[in-house]
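Number of protein chains: 2
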Amino acid sequence: MRPYKHPAASELSLERVLYALSDSIRLDIVRHLARVEAATCGELDGGRPKSTVSHHFKVLREAGLVLTENTGTIHMNKLRRADIESRFPGLLTAILAQHASA
Amino acid sequence: MRPYKHPAASELSLERVLYALSDSIRLDIVRHLARVEAATCGELDGGRPKSTVSHHFKVLREAGLVLTENTGTIHMNKLRRADIESRFPGLLTAILAQHASA
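Sequences listed follow chains A and B, in order. In the numbering used here, each number is its position in the first sequence, counted from 1, plus 62. In the numbering used here, each number is its position in the second sequence, counted from 1, plus 62.
To be clear, the hints were calculated from the coordinates, so they are not data collected in a lab.
Put simply, identical chains are the same to the list, so a pair is met inside one copy or across any two.
Within a straight-line C-alpha distance of at most 20 angstroms, the following computed EDC-like cross-link-like pairs (lysine to aspartate or glutamate) qualify:
| # | residue 1 | residue 2 |
| --- | --- | --- |
| 1 | Lys-120 | Glu-131 |
| 2 | Lys-140 | Asp-107 |
| 3 | Lys-112 | Glu-124 |
| 4 | Lys-67 | Glu-124 |
| 5 | Lys-120 | Asp-85 |
The shape of chain A in the complex, shown without the other chains (with noise of 0.2 angstroms):
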């Protein structure tokens, strides 16, 4: 399988991550993350269906939010905190902050 492509730190764009944090799926995604060392898709997929997460999953890789590595036969994701930190100082920490809206 070949591996996912992630933008570099550098190439990051404040909107484009804006836009991947703008959707509630994705958010838990981010926040589930956030509280882990890696995860798989399985591990925070919510049960939801396989397409639509795979959707949310590029989203969050374009915008440079995940990493997605290939093990073996599964992907483990990690938040790439310190490349939106380095990119956008407080930006991820402010929004994480943030209760989950209702």
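Using the hints, position chain B against chain A.
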């Protein structure tokens, strides 16, 4: 002309605010409003077509970021900074602190 509807501060959604700020035109409008007390749509449209800009103002109003008031025949826009701050402490400051994307 009917007054515009604006959500109460307690009704604001994090995802909706992030979505509203995920577009470079809307982000520019909010950056501009953060520097001034109030501005007309014409002062904020950057020469863009009125139909385009009207849509962006609607998204910003519905997210609770912008208050539009009819003052005679002109519309004055203000950033709802205190409302956003009360609902999402530190969020807007962190976003506005970022450099505009390349």
